[in-house]
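Chains as they are written, first to last, in our numbering: chain A, 1 to 254; chain B, 255 to 735.
It is worth saying that the hints were derived from the structure and are not from the lab.
Treat the hints with caution; some may be incorrect.
[Said to hold, decoys possible] Below are the DSSO-like pairs computed for lysine-lysine, each with C-alpha atoms no more than 30 Å apart in a straight line:
1. A/K151 <-> A/K100
2. B/K679 <-> A/K151
3. B/K679 <-> A/K122
4. B/K724 <-> A/K125
5. B/K708 <-> A/K113
6. A/K113 <-> B/K679
[Stated by the list, open to error] Between beta-carbon pairs, the in silico distance windows are:
7. A/S139 <-> B/A317: 55 to 65 Å
8. A/S147 <-> B/S425: 53 to 63 Å
9. B/P322 <-> A/S139: 38 to 48 Å
10. A/G149 <-> B/E721: 36 to 46 Å
11. B/T676 <-> A/D177: 29 to 39 Å
12. B/L305 <-> A/G145: 36 to 46 Å
13. A/S139 <-> B/P428: 39 to 49 Å
14. A/S139 <-> B/Q318: 50 to 60 Å
15. A/G149 <-> B/H673: 32 to 42 Å
16. A/R182 <-> B/E721: 43 to 53 Å
Beta carbons: idealized from backbone N, C-alpha and C, even for Gly.
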Amino acid sequence: MISIKNLHAKIEGKKILKGINLEVKPGEVHAIMGPNGSGKSTLASVLTGRDGYEITDGSVIFENKNLLDLDTEERAREGIFLAFQYPVEIPGVSTTNFLKTALNQIRQHRGEKNLDAVSFLKLVKSKMKLVDIDQSLLSRSLNEGFSGGEKKRNEIFQMAMLEPKLSILDETDSGLDIDALRIVANGVNSLKSKDNASILITHYQRLLDYIMPDFVHVLFDGKIVKTGNKSLALELEEKGYDWIKVKHSSLETI
Amino acid sequence: MSSDDQILEEFTSKEYEHGWSVNFEADEAPMGLNEEIVRFISHKKNEPKWLLDWRLKSYRHWAQLKEPKWANVEYPKIDYQGIKYYSAPKKGGKIKSLNELDPEMIKTFERLGISLNEQKRLSGIAVDAVIDSVSVATTFKETLSELGIIFCSFSEAVHEHPELIKKYLGSVIPAADNYFSALNSAVFSDGSFCYIPKGVRCPMELSTYFRINAANTGQFERTLIIAEDDSYVSYLEGCTAPMRDENQLHAAVVEIYAAKNAEVKYSTVQNWYPGNKDGTGGIYNFVTKRGICAGDHAKISWTQVETGSAVTWKYPSCILKGDHSVGEFYSVAVTNNYQQADTGTKMIHLGKHTKSRIVSKGISAGKSQNSYRGHVKVSKRATHSRNFSQCDSLLMGNQCGAHTFPYIDVDNSNSQIEHEATTSKIGEDQIFYCKQRGLDEESSVALIVNGFAKEVMNNLPMEFAVEAQKLLALTLEGSVG
Ligand SMILES: Nc1ncnc2c1ncn2[C@@H]1O[C@H](COP(=O)(O)OP(=O)(O)O)[C@@H](O)[C@H]1O
Ligand SMILES: [Mg+2]
Numbered sequence: 001m002i003s004i005k006n007l008h009a010k011i012e013g014k015k016i017l018k019g020i021n022l023e024v025k026p027g028e029v030h031a032i033m034g035p036n037g038s039g040k041s042t043l044a045s046v047l048t049g050r051d052g053y054e055i056t057d058g059s060v061i062f063e064n065k066n067l068l069d070l071d072t073e074e075r076a077r078e079g080i081f082l083a084f085q086y087p088v089e090i091p092g093v094s095t096t097n098f099l100k101t102a103l104n105q106i107r108q109h110r111g112e113k114n115l116d117a118v119s120f121l122k123l124v125k126s127k128m129k130l131v132d133i134d135q136s137l138l139s140r141s142l143n144e145g146f147s148g149g150e151k152k153r154n155e156i157f158q159m160a161m162l163e164p165k166l167s168i169l170d171e172t173d174s175g176l177d178i179d180a181l182r183i184v185a186n187g188v189n190s191l192k193s194k195d196n197a198s199i200l201i202t203h204y205q206r207l208l209d210y211i212m213p214d215f216v217h218v219l220f221d222g223k224i225v226k227t228g229n230k231s232l233a234l235e236l237e238e239k240g241y242d243w244i245k246v247k248h249s250s251l252e253t254i
Numbered sequence: 255m256s257s258d259d260q261i262l263e264e265f266t267s268k269e270y271e272h273g274w275s276v277n278f279e280a281d282e283a284p285m286g287l288n289e290e291i292v293r294f295i296s297h298k299k300n301e302p303k304w305l306l307d308w309r310l311k312s313y314r315h316w317a318q319l320k321e322p323k324w325a326n327v328e329y330p331k332i333d334y335q336g337i338k339y340y341s342a343p344k345k346g347g348k349i350k351s352l353n354e355l356d357p358e359m360i361k362t363f364e365r366l367g368i369s370l371n372e373q374k375r376l377s378g379i380a381v382d383a384v385i386d387s388v389s390v391a392t393t394f395k396e397t398l399s400e401l402g403i404i405f406c407s408f409s410e411a412v413h414e415h416p417e418l419i420k421k422y423l424g425s426v427i428p429a430a431d432n433y434f435s436a437l438n439s440a441v442f443s444d445g446s447f448c449y450i451p452k453g454v455r456c457p458m459e460l461s462t463y464f465r466i467n468a469a470n471t472g473q474f475e476r477t478l479i480i481a482e483d484d485s486y487v488s489y490l491e492g493c494t495a496p497m498r499d500e501n502q503l504h505a506a507v508v509e510i511y512a513a514k515n516a517e518v519k520y521s522t523v524q525n526w527y528p529g530n531k532d533g534t535g536g537i538y539n540f541v542t543k544r545g546i547c548a549g550d551h552a553k554i555s556w557t558q559v560e561t562g563s564a565v566t567w568k569y570p571s572c573i574l575k576g577d578h579s580v581g582e583f584y585s586v587a588v589t590n591n592y593q594q595a596d597t598g599t600k601m602i603h604l605g606k607h608t609k610s611r612i613v614s615k616g617i618s619a620g621k622s623q624n625s626y627r628g629h630v631k632v633s634k635r636a637t638h639s640r641n642f643s644q645c646d647s648l649l650m651g652n653q654c655g656a657h658t659f660p661y662i663d664v665d666n667s668n669s670q671i672e673h674e675a676t677t678s679k680i681g682e683d684q685i686f687y688c689k690q691r692g693l694d695e696e697s698s699v700a701l702i703v704n705g706f707a708k709e710v711m712n713n714l715p716m717e718f719a720v721e722a723q724k725l726l727a728l729t730l731e732g733s734v735g
């Protein structure tokens, strides 16, 4: 589905990504873990085409297309979705209205007709259940005055509505209590299919108690320094990130 | 370059949609302004002597006044002798039925999306269409007259209902009120007149559509709305003009009289030509609008969406004379390129327990300047009165300006005044968020801006709201983000 090769990126002249290699196939769940500042959100931003990043080397192929040639909205319409670490507020625009506009633009891109009001509402109703989100929340201004947990649930709700091929969840678990975490995880699990894939960016392994990853990668200083399965996450939980830091920092100083 | 700046650049290519003009044969006054011109206009309209005298008095007063300079706008000196003060399409004017109307004119309005053909109108809106200085058609007159509602051109009202005109003309806005109202009182050519009798709820929206067509002419129309006790009317005003390199002057006067328990809603979507992206041409829009809640429990509500004009100077106001009367002002003003807007309201509380609400949303883009200017005055007698003002500014890019000038005067101790103001920038992260969900840049900007203006847009009648939303997006596309 997506193939990232030797990806290097800079922001404001500062090297952040220093040669990322990652291959995600349909049906897979990949977890990317790593200490703060290691470049996890930067990777998400680069994959979704945010302004301000300079790609200095490498390539990203998504569904046979050169992803880095596409605009942000084209990538989204091709099926890339980012659940934001910090979702923004848009005053005066309801989630429902926002999603109707988004969904119709995605459908137009696929050559499909706009959904009529009734079908759209049906879709909303069915997806609301998945993340246990309240109708009243959806008619309020997007994310305005939402609690941390409501914002994250709203992100997963949007993901459910837009049915992306590749979902990138950036620290969707942080700031959630156990109940909210379970709801979010349930949402993600029930959306999982053999045709889509997800990349879960997380700082803690507890999300992985609820969503079983096929692979766990450790990102440190702009590189994936270790790849394993669920047990790697548990090992990180036990030992912390320090042993990785020591190992790789010392490599660099040699 | 940040994405905000790119949006600004990309959007500067769109052009004003209504920038065409049609060649009607016109009946015009010679250029310039003097007593002879005032007499010429009055004579053309076959007016009674009292009205000519009123005009002359206004003219003489105007001639002694100086153009006001306090607004936060700058423009080259207007040459009042370089303007034609009267231009009427020859085939317009005195027609008995719509069938006699010049087909060109019907087409002109259809291009603007306004059908003068009653059968073709889907929604219940009666229209008074004004081209240059003259009202050319009023629809649904008969239907309305069955309820005793008078809806006709101002000139017609002068002849058909002189007692009403004599009583109310200048009663809310005296001719001498300000420079532009004095000018308008001297040379006004036409406009709309509306009278809702006691106890009648007007069953359809009444609307006036103004179009400046001729070159080098000013437009000076006058609207007078009278709502008797316990009546209700919702009034819409729309306007466009051709693209011309010269600046054209528009100085209108709108007076509203609301008697006991009457309610008048006045909505405007102002889309005069704003000039091109280098700031050449465009309408100077110097308008005086004021309503009086003369009776107890009366209510006047102004809603305006201001997208056009090179320079806007406009403060739709309410005099809250009756006890428990209510005044509202909802405004969205969008400026782009080199546009300048200085707009706001005055709420004058005279009666006890009077309430006013001001919601102003300014959106500035390009190199434009957008000012809110408001005055809330609560007199000594107006005890237990309340005002709430909310002034929000949204900036796009970093070359534009947003300014707020609130003046508050309270002469008693048990009234309550609240004022809130915010300024925000349309965020790169908001646009990125939208784009990540599949929205293109234009839709993202349109969505964010319409969200910002929502509280005001919600006050527009349905048919108008959709138009206004598109217009907001278009104005910003055409000039900003
Ligand atoms: N706009 C920016 N300008 C400069 N440095 C940045 C910017 N954004 C992120 N960084 C830096 O890039 C590094 C990686 O950040 P980030 O990708 O957010 O890390 P993570 O998500 O793994 O915590 C950090 O050192 C951070 O300070
Ligand atoms: Mg991060």
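We went through each hint and held it up to the structure:
Taking the CA atoms of A/K151 and A/K100, the gap is near 18 Å; set against the 30 Å cutoff, the hint holds. The hinted pair formed by B/K679 and A/K151 meets the criterion: a straight-line CA distance of about 22 Å does not exceed 30 Å. At roughly 36 Å between alpha-carbon atoms, B/K679 and A/K122 are farther apart than 30 Å, so this suggested pair is violated. For the hint pairing B/K724 with A/K125, the CA-to-CA distance comes to about 29 Å; that is within 30 Å, so the pair holds.
Distance restraint check for B/K708 and A/K113: the Cα-Cα separation of roughly 27 Å lies within the 30 Å cut-off, and the hinted pair is therefore satisfied. Between A/K113 and B/K679 the alpha-carbon distance is near 34 Å, which puts this suggested pair outside the 30 Å criterion. For A/S139 and B/A317, the hinted distance range of 55 to 65 Å is satisfied, since their beta carbons lie about 57 Å from each other. The supplied range of 53 to 63 Å is met by A/S147 and B/S425, whose beta-carbon atoms lie about 55 Å from each other.
Between B/P322 and A/S139 the CB atoms are about 45 Å apart, so this pair conforms to the stated range of 38 to 48 Å. Separated by about 40 Å at the C-beta atoms, A/G149 and B/E721 satisfy the suggested range of 36 to 46 Å. At about 32 Å, the beta-carbon gap between B/T676 and A/D177 stays in the expected band of 29 to 39 Å. Between B/L305 and A/G145 the CB atoms are about 57 Å apart, so this pair departs from the stated range of 36 to 46 Å.
The beta-carbon spacing between A/S139 and B/P428, approximately 47 Å, falls within the hinted interval of 39 to 49 Å. As the Cβ distance of A/S139 to B/Q318 is approximately 57 Å, the hint placing it in 50 to 60 Å holds. Distance hint check for A/G149 and B/H673: the Cβ-Cβ separation is about 34 Å, which falls inside the suggested range of 32 to 42 Å. One distance hint, 43 to 53 Å for the beta-carbon pair A/R182 and B/E721, holds here, with the actual separation near 47 Å.
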